[in-house]
Amino acid sequence: MNYKPIFLVLCSGFFLSACSEDFFDQEVAKVPASLKESDIVIQAFCAKDSLIKVQLGRTKPFSDQSITDFFLPDAVVSIESNGLSYPMVYKEQKSDTYGSRIQQSVYQTVDTSLHFVAGQSYTVKASFKGKMATASCMIPVGAPAFTYTIDSVTYREGGDPQYAPEVTSYYATLRWTPQAHDDGYYLVQSASQPKYQSSGIWNKGYYTGDRLLTAADQVNGRYEVTVELERNYSYPGSTEQRQEERFKLLLLKINQDFYLFSKTYLPNTYHGDPFAEPVNLYSNVKGGYGIFTGFAYTDQEFEAIW
Amino acid sequence: MKHLLSLLLLITSIALAEAQNKPVIFSGYVKESGSGENLIGATVFFPALKVGISTNAYGFYSVSVPAGTDSLLMTVSIIGYKSIQQKVLPDKNQTMTISLSSNALLKEVVVDATAIRESKTTQMSTIDLSAQEIKNVPALFGEKDVIKTLQLLPGVQKGSEGSSGLYVRGGGPDQNLIILDDAPVYNANHLFGFFSTFNGDAIKNVQLVKGGFPAQYGGRLSSVVDISLKDGDKEHIHGEVGIGLIASRAVLEGPIKKGKSSFIISGRRTYVDVFTALVTPKGVSAGYYFYDLNAKLNFELSAKDRLYISGYFGQDKFYAGFKEDSSKNTAKLYWGNATGTLRWNHKFSDKLFSNLSAITTDYTFGVLNESEFNNEKFRLSYTSQIHDYTLKNDFDWYLNNKHQVKIGAIGTLHRFTPEALVVQISFADQNINRKNIFYGFESGVYVSDDWKVNDRLGINMGARLSSFVAKGKAYMRPEPRISGRYSIRETLSVKASYAEMNQYLHLLSNSTPGLPTDLWVPATKKVVPQFSRQLAAGITKDFPESGFSASYEMYYKWMNNILAYKEGASFFEDDPSEAEGSGIQSFEDKVTQGKGRSYGGEFFVKYNKKKFNGWIGYTLSWTKQQFDDLNFGREYYAKYDRRHDISVVGSYQISPRRRLSLTWVYGSGNAITLEQGTASLEEPFVLSTNTSFYSSGNSIIYGEKNGFRMRAYHRLDIGLQTTKKKKWGLQTTEISIYNAYNRANPFFYYIGDKTVNGQSTGESVVRQITLFPIIPAISYCIKF
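Chains as they are written, first to last, in the working numbering: chain P, 1 to 306; chain H, 1 to 784.
Calculated directly from the structure, the hints in this document are not laboratory data. Please note: incorrect hints may appear among the correct ones.
[Claimed, not checked] Mimicking DSBU-like on lysine-lysine, the simulated pairs with C-alpha atoms at most 30 Å apart in a straight line are:
#: 1; chain 1: H; residue 1: K31; chain 2: H; residue 2: K595
#: 2; chain 1: H; residue 1: K31; chain 2: P; residue 2: K129
#: 3; chain 1: P; residue 1: K263; chain 2: H; residue 2: K258
#: 4; chain 1: P; residue 1: K263; chain 2: H; residue 2: K595
#: 5; chain 1: H; residue 1: K317; chain 2: H; residue 2: K258
#: 6; chain 1: H; residue 1: K639; chain 2: P; residue 2: K30
#: 7; chain 1: H; residue 1: K258; chain 2: P; residue 2: K286
Fair warning: this is a prediction, and the values are worked out from it, not measured in the lab.
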């Protein structure tokens with residue numbers, strides 16, 4: 001028997017069928033439920049004496065385009081502490097000043113005078129369409145006091161010396177002694193407010209500066225963290241006047257949940273390098289996503305003319 | 001060192017105590033009749049005494065039998081060759097060279113029942129493949145491929161579609177020691193892994209060791225792929241020329257001095273660039289090609305001395321450029337391996353065989369860009385390289401029929417050049433000429449004894465002491481190895497093994513294996529050596545009359561200090577020279593080390609008789625990893641964790657002229673991390689008791705690392721070889737079909753738009769990219 005014609009016909013048939021566009025790039029029919037369903041997102045960073053509020057949102061699964069925003073105004077929410085449960089009600093929608101990127105619904109206790117109390121634990125529970133998310137945190141009693149010193153480093157940038165600017169970096173080094181049973185998680189932040197030269201009035205808003213997370217890296221029983229406050233560029237021949245500024249240094253006592261969330265937040269949302277390994281955003285919310293955590297802080301302010 | 005000396009002392013004392021009666025020694029070489037090619041793993045057996053041995057990697061054997069005046073029957077056999085039986089008189093030591101005829105010259109395959117079978121060897125987790133077995137397996141574009149044939153064996157998994165990566169018992173592709181005539185090959189891939197660097201025409205034998213590692217091997221955690229090149233025909237000149245769809249190849253071998261020395265040279269080159277040159281416009285050039293060149297010379301200097309010189313050179317090159325009146329630009333991307341091995345075999349006595357090897361191996365990746373505009377020139381050259389110089393000496397000491405001792409030492413000087421950058425600009429004052437070079441020294445000494453305790457029990461015990469020095473940090477680690485076999489019946493045995501391995505070189509690689517940018521770096525103070533322990537147990541049953549052998553093995557492997565990129569890290573800008581104290585982010589800052597464990601069972605049935613041969617392999621396995629810095633410290637499934645992996649390989653001689661080959665593979669889907677959705681979350685910035693917010697954006701929810709499974713992979717390949725005898729030799733035409741039932745197998749997944757009739761609906765769905773549909777191929781080969 002001559003097999004060749006049969007063989008060639010079969011080959012050609014299969015080969016032609018393979019040439020359809022859908023063969024090389026096709027939709028995957030079976031995907032898990034997690035890609036189709038929306039989950040509850042809880043977010044709250046709680047400091048002592050602040051009003052008891054949490055923000056709620058929902059995830060937008062990639063394969064459900066019927067969800068057009070993240071708001072979740074019709075959830076059932078409560079918060080528990082010391083064996084008591086306080087119902088929370090929807091208060092407002094929260095969006096950022098640049099548009100609608102932050103789309104969370106703010107919930108507050110019915111008794112609007114309630115504040116978070118230092119040293120107490122809180123558990124928030126939210127349910128929506130048969131789904132339940134819970135998260136717990138403890139409000140730290142306080143953050144340690146710190147001292148600081150200011151240093152600067154001046155250097156000239158590379159390239160043609162005729163045009164290269166002289167750069168001066170100003171640094172603040174914060175030092176503090178850990179508290180008893182310190183788990184070593186801190187966040188150091190700096191911010192600045194310029195004074196307008198024309199009016200001599202301080203700018204209302206802060207310009208946020210350097211921030212550093214620390215995780216149990218104390219040396220000789222003390223913590224020491226250096227943050228950059230500002231970097232000034234002085235170009236050859238420039239007569240630009242230096243600006244008067246007010247700086248604020250903050251030392252936040254945080255817990256592991258806060259630390260892990262902050263550590264993963266920026267790399268998760270920043271997608272500049274297509275070859276970078278994906279970063280999972282930390283969540284301490286059971287049955288959902290997000291972060292519910294407490295913190296305490298101390299701050300100091302000073303004025304400077306660089 | 002203390003452990004090693006104690007073991008050596010123990011082995012020697014046991015052996016000497018058992019060697020009281022002075023025996024007669026039969027020693028020599030087993031060769032292929034006609035070509036004089038040494039045969040590896042041939043069995044020399046005395047049935048009356050139940051004494052036998054296998055030839056070593058150079059075809060050498062040494063068997064001791066009691067002295068006597070009665071003739072003894074000696075059989076010599078190896079699969080694929082006609083066995084011979086010969087009467088010998090054990091009255092004095094004798095050196096005998098034995099020649100076996102290949103079954104290719106016979107009408108059918110003969111299987112000899114006296115051959116040392118799987119159930120008789122102490123070594124476990126080891127599979128040998130002959131060049132013919134590799135040639136019988138249908139392949140992508142008809143290009144026969146050693147590595148892809150190894151992927152069809154149980155316990156070995158491939159990576160993504162078309163990839164040449166090997167994942168052995170849960171280990172990564174960087175954990176395989178691939179050696180070609182003793183020389184390590186650092187990047188065994190052509191064309192991003194779609195083809196491997198080994199040209200099947202020049203290969204004599206391939207051995208894969210997955211566990212129970214013999215003490216002579218070290219330096220990698222998961223497997224050893226030991227590839228031996230052919231020596232070349234010592235009697236006649238002959239050759240082979242093959243033409244395929246994407247590449248052509250040629251091999252020529254023959255005697256330099258008949259019966260005493262020989263040569264073999266083989267080459268392969270693709271010709272995609274030839275076709276692209278036809279369609280590119282004038283003044284523009286663009287293309288890709290790869291080539292391989294193997295050469296080997298061997299000399300029989302005396303009855304006791306042999307010399308082998310072998311080398312491999314292969315390169316991939318992408319190029320593009322244009323030329324106009326006043327300007328031109330050329331860009332090249334190239335990578336390749338070069339190896340050279342000089343080996344000297346010396347027989348000190350009938351009982352002591354030595355091999356001394358001097359080896360050099362090199363892997364270089366480079367980018368070259370040259371441009372010229374109105375006589376102003378720009379040149380950029382970037383290379384990264386690893387270059388090794390190795391000296392190694394191995395001794396096979398055939399103490400007596402109960403003890404075969406192997407002793408050896410190896411030392412390798414690694415020269416790492418992670419970056420050599422030259423930028424020359426004719427119109428600028430400052431050019432760049434930067435080169436970072438540093439060295440590492442890796443060494444090992446080993447001793448092992450293959451001890452046949454009695455007819456039923458065999459133990460191979462050994463130890464290796466490995467050490468490594470680089471960048472001011474030294475490591476020294478003992479690696480105990482033991483394997484044992486107990487024969488329940490003549491053809492049924494149980495085996496067990498335990499091995500520890502250390503790996504002092506790390507491969508920095510992004511998620512996809514096979515990229516030429518992968519960079520080998522040494523263990524340092526901060527990134528410590530990888531370490532594994534593997535325990536395996538199995539049962540082997542031979543059916544000599546029917547040609548079957550079946551085995552089942554279970555294994556559990558613990559891996560420590562395995563390497564992975566940290567979350568958010570990228571392989572860009574790795575600079576291993578800046579490891580400490582510079583403030584520049586080095587590779588050490590981008591990687592993290594953790595633990596892994598892999599366990600499972602492998603079932604393997606091999607059939608080799610008459611017209612049909614092939615195998616069925618099934619693997620049930622689990623591979624998990626745990627890194628403190630990944631997945632929040634939670635254990636997760638490795639990317640190539642594969643629950644079920646099946647391979648069916650068969651080759652059937654339809655008629656004297658036609659052979660039909662089939663391969664069917666099935667693998668559970670790979671574990672991947674897939675974006676599940678988004679959430680709107682903010683990062684806090686505190687300025688007063690009320691919180692305001694510093695940064696916001698849509699966060700991506702990935703869920704559990706590697707928590708999503710791709711579709712299962714399965715594929716059928718068919719090949720039909722037609723051979724015709726001509727006056728001048730043999731002509732073979734092969735028609736093959738890759739992916740015969742046109743399965744759309746997943747290459748990768750992404751979140752993309754839903755489309756209906758080619759139009760996007762605006763909805764997001766999970767989409768699958770497939771690389772290869774059904775691919776028919778034809779190749780033509782002449783052998784003279």
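Checklist entry - Under the criterion that the straight-line Cα-Cα distance not exceed 30 Å, is the pair K263(P), K595(H) satisfied? => result holds, 23 Å
Checklist entry - Hey, K258(H) versus K286(P), does the alpha-carbon distance stay inside 30 Å? => result violated, 79 Å
Next on the checklist: So if I understand the rule, the pair passes when the alpha-carbon distance is 30 Å or less; does K317(H) with K258(H) pass?
Outcome noted: violated, 39 Å
Checklist entry - Is K639(H) within 30 Å of K30(P), Cα to Cα? => result holds, 20 Å
Checklist entry - Taking only the CA atoms, is the gap from K31(H) to K595(H) under or equal to 30 Å? => result violated, 46 Å
Next on the checklist: So if I understand the rule, the pair passes when the alpha-carbon distance is 30 Å or less; does K31(H) with K129(P) pass?
Outcome noted: violated, 77 Å
Item to check | Straight-line alpha-carbon gap K263(P) to K258(H), limit 30 Å | outcome: Not OK: K263(P) and K258(H) at ~72 Å, beyond 30 Å, violated.
Checked against the numbered hints above, the structure breaks hints 1, 2, 3, 5, 7 and satisfies the rest.
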